[in-house]
Each structure stands twice: as structure tokens, then as C-alpha cells.
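Trainee: The listed protein sequences derive, respectively, from chains W and C.
Mind the numbering: the first sequence is residues 1 to 265 in my numbering, read in order.
Mind the numbering: the second sequence is residues 1001 to 1168 in my numbering, read in order.
No lab work stands behind these hints, which were simulated from the structure alone.
The model shown is predicted, which means the values in this text are computed figures rather than measured ones.
Some clues are possibly wrong.
Stated by the list, open to error - Far from chain C by the CB rule (all over 12 Å, computed), these chain W residues:
no., residue
1, Leu92
2, Val130
3, Ala132
4, Asn188
Unchecked claim - Between beta-carbon pairs, the in silico distance windows are:
no., chain 1, residue 1, chain 2, residue 2, range
5, C, Asp1113, W, Phe12, 34 to 44 Å
6, C, Thr1087, W, Asp169, 31 to 41 Å
7, C, Asp1120, W, Phe12, 49 to 59 Å
8, C, Glu1038, W, Lys219, 26 to 36 Å
9, W, Trp255, C, Ile1077, 10 to 20 Å
10, W, Lys32, C, Tyr1020, 21 to 31 Å
11, C, Asn1101, W, Lys235, 27 to 37 Å
12, W, Asn120, C, Ser1011, 52 to 62 Å
C-beta atoms are modelled at their ideal positions from N, C-alpha and C, and glycine is treated no differently.
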Amino acid sequence: MKLFFKILKILFSTIFLLIIIGIAYLLFFMPKEERFKMAGNMQGSLLSQTMFEILKSQYPDYSDVYFEQSVAFNKYGNHARGFELLDQAVELDPEMHLGYRGYMKLRFLRDFNGALKDFNRLDSLTPNFVDAPWGEGIDFLRGECYFGKKDYPKAIEMFNRNIEHHKEDWADIHSFVYLGLCEYELGNYEKAISEFKRALKQSEYTPESYFGMAKVYQKLGEIEKANENISKAEKFIHYKRENEYNEYLSEIYLWELLDFKQQLK
Amino acid sequence: MKNFWNILLISTGILAIGIYFTSDYLATNGIEEIQFDESTDEIALELCNEDRILQYYTVSTGYNGGKKAIKKKLLPIIEKDKLSFGTKNGNITIRFVVNCNGEIGLFRVKSIDENLQETDFAQSGIASLISLVSQLDEWKVKPMKEKKFDSYYFINFKVRNGHVTDIF
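The task is simple: from the sequences and hints, build the whole structure.
Mentor: Pasting the structure below:
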């Protein structure tokens, strides 16, 4: 009986020790890249944040950790903390993180001047290379910043530069939509129509272009054409540009189209 | 020797159980969670699952007509009421819970200045914004596998020279 209890004690002590060693290995000793990935996969949890803190204390120059740690804070609306971490990431490796910080300032905060500052600095650090912050052309994003600032001539310059770089068939279709919107705002209605048509040449399922053209035709007093285009915008509304996190500057909604249609009557 | 095994068993046992439960707590709880606080929350929002409030983007929670509809509804009222924050610049973020029935509550506020540093805006103005947000009543909660979830959502108010200039 004594031997039995002794074996049980040894067995349980070993199991407990293995649990302690296993968790300590996961938190402190596993290769840093694997711990980084694991913490990233548990985004937003206290365990993820604890792992990032441990990684930062062990590798204070590991810039990706500051960047990844910021993601949950910004997605959850704590921008002060999110950008505090992003600032640290940028300080450690500006070339790697400036683009993302600019993207976040534009899309999450609508801080157009702050975003432009980051994009311009990134551009100056990478001569002879066209950057793509978070997968989008840097000139497209700069164009969006100027559009947000209502500086339409400068926005036009940026969207054209983006198209020039990516070529007509490969440029983001919304470069043409934004060009149309900018020309519309400047009162260049014929030019606006030709820009919206460039988008439709790339894809006929672009409700933003039809809505833009409907607005232009209304200004020109061509109500029939305005009606025709607003109907197409309505038909293709489910192809509109949207994402799950936030609203685009040029995003359109069905209720807007229906309100506009009502105005035409 | 007998004591050695007893001490080893007890010490490793306490440590292992402690570490296990701490890790479990850290893994199942998150940052920026909102819980009912009777000192600030006027009413408790009824939740479908208090232990699991998701983020709006994982369950496509949104407002009927999007944030543009919220802006269209609130900005004219804010302008009419001449709501002002002196000469301050920055963003005010109001975060809250949309329950599975599309009701909202448990409002929390975070603010940043133009340098993206944490700051405070006048409490009276903040209270007005919360009051306006609380009146929004067209929330869309999409079922996932025939089940509806509670979720967190937030609205940003951009302030320039003391005035709300954008809502998104």
C-alpha cells in the first residue's frame, strides 16, 4: 500500500511538473517567431497581450511585436493605446511599419494629414520603389487622403499617378471612381462622366460609377439618363465596395440611391 | 525521503493548478471588455451570453443604412444644438454593446487629441453624444448558424476646432 501511494505521488508530481514546464516553455522559451504567431492567433485575449509583453521584455527591438499588439486595441476603439504601440513599432523599423500606421490613420481615424505624413515619409525612405501599404497602392491611399481633405486637384494627381503605375487594366477600379467624384466636385461634368466610364470599362458591376453618373446627369439636366444610371446603381448595389471594419469615404448605400431617385421624380 | 515526495507533490500541485487556472483566465478574457457598472450605467443591458460578447466585425453587426445613416441622423442635431468642445481637436470614440435583440447599452468613451494622445473632452458634451447614440434604434444583428450574438460596436466623432465635423 505504501509503495502504491509513493508511486501515485511520483506520478502526480511528474504530471504537475510537466504542466509547469510546458506552460513555462510556451510563454518564455519557445522560439520567438512561434510565440509571436501564437499570440497573434489569440488576438485580443489577455493571454495574447501577456505573451506580447514577455516577448517585448526579452526582445525590445522586435518591432513586429509592437505592431501586432496594437491591432486589437485599434480594432476595439482604444486608439490612444493602439497608436502608442504603433509609434514604437515605427520608431524601431520605420520602413516596415510606416505604411500600416498611415493606412490606419486614414481608414480608422480619418486623420488625413497624419496619414499623408506617414505615406510621404515612407516614400522618401524607399526611392525608386512604389510602396503598397497594407496591399493598396501608396498613391491610391494618398489620393484618398486628399479627397478626404477636399483637395480635389491634388487627389486627381495622385489617382492618375496610381493608374499610371499599375496601368489602366490593373489599377484599383476605385481610382477611376474617385477621379469621377473629384471632377464632379470641381464642376467638370463631362470629364467626370468619362472617368466613371473608365471604371465601367474595367467592370460593368460598379454601382459607385452609375451613382456618380446619375448625379452628373442630374446637374446637366438630363433626367432620363440620370434615371437610367440610378436604376443600374440600384441593380448592382450588392457589388459595392465595403469592408467589415469601417466605412470607406466614398461608400454608397441603397437608401441614398432611393432618396436620389425620389428627388428625380 | 517521505517528506520530500509529500512536499514535491504539494508544491508542484499548487503551482500547476495555479498556473493552469491563470492561463485559462488569461485565454478566455480579453482586453477592453465592458461589464455592467452600477456607478456609471443607468440600466443593465440584458445579454444573451454574458461570457461571450463578440466584436461587431466577426458577426456583421451594423446599423441600418451604415454609419452614413448614423451621421445623417446625428450630425444635424449636433449642429442644431450647437454642441461645442471649446477649441479642442481630436476624436471621441463611443463604444458599447449591441445585444442579440438589437438593443444597446453599457456605453464607454475614449478620446484622443490631434496627436493621437489620450485626452479628455468636456463631460457635458460627452453626455450629450452618449444620449444621442443611445437613441439609435435600428441595429441589425445577423444570425450566425441560426444564433444571434451580443457584440461590441463603436462610433467615432471627429472634432475640429471644438465642433463635430464627421461621424464614422
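Trainee: Confirm or reject each hint.
Mentor: Structure-based check of all given hints:
| no. | hint | in the structure |
| --- | --- | --- |
| 1 | Leu92 | holds, 18 Å |
| 2 | Val130 | holds, 27 Å |
| 3 | Ala132 | holds, 23 Å |
| 4 | Asn188 | holds, 25 Å |
| 5 | Asp1113/C <-> Phe12/W: 34 to 44 Å | violated, 56 Å |
| 6 | Thr1087/C <-> Asp169/W: 31 to 41 Å | violated, 49 Å |
| 7 | Asp1120/C <-> Phe12/W: 49 to 59 Å | holds, 54 Å |
| 8 | Glu1038/C <-> Lys219/W: 26 to 36 Å | violated, 56 Å |
| 9 | Trp255/W <-> Ile1077/C: 10 to 20 Å | holds, 18 Å |
| 10 | Lys32/W <-> Tyr1020/C: 21 to 31 Å | holds, 24 Å |
| 11 | Asn1101/C <-> Lys235/W: 27 to 37 Å | holds, 33 Å |
| 12 | Asn120/W <-> Ser1011/C: 52 to 62 Å | holds, 59 Å |
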